[in-house]
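These protein sequence lines map, in sequence, to chains A and B.
In the working numbering, each number is its position in the first sequence, counted from 1, plus 10.
In the working numbering, each number is its position in the second sequence, counted from 1, plus 386.
Simulated from the structure, these hints should not be mistaken for laboratory data.
Positions of the beta carbon are idealized from the N, C-alpha and C atoms, including for glycine.
Heads up, some of the hints might be wrong.
[Said to hold, decoys possible] For the chain A half of the interface with chain B, some residues (derived, Cβ under 8 Å), not all of them: (1) A93; (2) A94; (3) F100; (4) I102; (5) S103; (6) R125; (7) T128; (8) L134; (9) W219; (10) P241; (11) S243; (12) R275; (13) P278; (14) A279; (15) Q281.
[Claimed, not checked] Okay, derived cross-link-like pairs now, DMTMM-like style, lysine to aspartate or glutamate, Cα gap no bigger than 20 Å in a straight line: (16) A:K284 x B:E507; (17) A:K282 x B:E469; (18) A:K118 x B:E507; (19) B:K455 x A:E131; (20) A:K79 x B:E507; (21) A:K118 x B:E509; (22) A:K284 x B:E469; (23) A:K282 x B:E472; (24) A:K95 x B:D642.
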Amino acid sequence: MRVAVIGAGVIGLSTALCIHKRYHGLVPSLEVEVYADRSTPHTTSDGAAGLWQPYLSDRGNLQETLWNKETFDYLLGHLGSPAAKEMGLFLISGYNLFTQPVPEPSWKNIVLGFRNLTPKELELFPGYSYGWFNTALMLEGRSYLPWLTQRLMQRGVKFFQKKVESFQEMFAQGVDVVINCTGVRAGELQPDPELQPGRGQVIKVLAPWVKHFIITHDIGSGIYNSPYVIPGSEFTILGGINQHGNWNEENNAQDHKTIWENCCRLLPALQKAKIVEEWSGLRPARPRVCLERETIRHGQFQAEVIHNYGHGGFGITIHWGCAMAAARLLGTILQEQPLAGPPQPRL
Amino acid sequence: MAAPKVAVVGAGVIGLSTALCIVETCPSCSVTVLSEQFSPNTTSDVAAGMLIPHTYPGTPIHVQKQWFKETFTYLFAISNSAEASEAGIHLVSGWQVFKNTPKEELPFWSDVVLGFRPMSEAELQKFPQHQFGQAFTTLKCDCPPYLLWLEKRLKATGVQMYTRKVADLWELHSEYNIVVNCTGIGAHQLVGDKKLFPVRGQVLKVHAPWVKNFIRDGDGITYIYPGIHRITIGGTREKENWNLSPDPGTTKDIFDRCCSLEPSLQGAQDIKVKVGLRPSRQCVRLQREVLSQGGVKLLVVHNYGHGAGGFSVHRGTAKEAARLVRECIAALQGASSRAKL
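One chain only, chain A, in its complex shape:
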């Protein structure tokens, strides 16, 4: 049973690991492979700051709230372990700021110590009249992806650096199940008008005196189109760009100016921060995550694809819940296989 995961961002790697952990002992002939044209540190996941925080609204997708919670609890459980540092996992507290009161988010009981901001705290942020404080988690892609890769390689999972052009290409090679974790470029394998890039740009600075995340919200301009500051273990990420439909991965000078001026206004202490790097990436935006099984017929054969893409700006936040859901879908596929021998083509 050959399972090929396409994509080596946080979704691809964590899904591969979840599958291998769950089925490796149970399915004797299971082979898991990862195919990707880009891997760490060049994936979308590597550019993200790594803050665990879902969007303000669950957009009606209750499943996603559950997957977010599963991810948070899974990561929280790893906090005290020796692996945490290598994973790039740590606790962080911070602020969400609004210009008017908003309903409490679906994740208020998932994070730690969620509360409204006091008037004195709001004095720190002129222009914002309402906000939340809570403690959440950081999971830095630049550490987590190499950690996942090492865990996979230790388990004998093979990696192939190549651009997969079609699902057929995989099946023709003898792959039985494809796990499609191709993120923003999933449309190249199978058209999906609901999937659009949400272009982001960030400035990485040295500002180790910043110990809190600060996310501002402008209900009118949409999520992540308002300044945010997220301190990592080494660098602090400044952002606030989310351009729907923009495929351009080049850094833009106007966006740089917007980010820098807005973040320095938000946090005057940033004015002396040294700029280290600039990066642009494409959030794989979709009204809801595409996490489903699809049976593809090609010629006389029937092959399976499990889609796991479209995690927008909350891939890290939701990744483990989705990995487990994808693994469950693989489980139903495995259950449908004949008990003995390798899978046979169905006539």
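Position chain B against the provided structure of chain A, taking the given hints into account.
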């Protein structure tokens, strides 16, 4: 009289902040700072600089609260300005955890710090040995940056600073009208204050930049305080121990205790060990004194004995000391007018 000449003895957080307050409130004064040590070799440089007050048994609570509030407000404004990184002032959030629920659940300073509240059950799960806790956001003054920033501001106003060991306050009487004694633990010998005693603290300064929250055991002895570049972890409270040399057994003990609060510290790098002697006293000695010898007077303002709470109240006590200096100047001017009659 000519511009009063004020000598501030001591260049830790108390000496430098007091000098600055004097300059701010007495523009006519000529202020000089004299100290045996300057940053990075003062007691203040060893401290984490967290704004979490120590309670002085001998000082009314409302006075301590006023000092803390003035200090907090002053630093809060700096932390939210472009000078924050140079001054080394930043906000930090975290938890104070107790193995047993304390008698006093609300400390006097709970409404001065930000967002003070009891910890939730979920938060306490991270500390299985602790039953109760408080979460809040406060400020931290990193040293050396804060002391260097104070020195820079002083020099900009024309204050001179000299490395000098003052063995006796009286030796300054010919050069200065007023002496401000901010010598911390040095006052034990300098003015023979037997009520002042050291409480030895050993700390480790480690590189663990993923630690963004502070954690403090309510006993005040085990703590993890994230600074700009290093985390200060500690500590000890050894009364009457004058030993400034690091003790290796203590280092291991501190590391173990802190790792049990925050396991990820196992991965900490580049561990540096420091020792400081908290200049402890029942109450801060903040008062005027007139020394006289053979008809000659020397006006002294004492501002020492802040123990474990120096950073938390430094601006408040500096302002009070500056007020006492103004009283001294008024007294000198009164005497000077009378002398002219």
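Tell me, in ascending order, the numbers of any earlier hints that this structure violates. 1, 12 and 16
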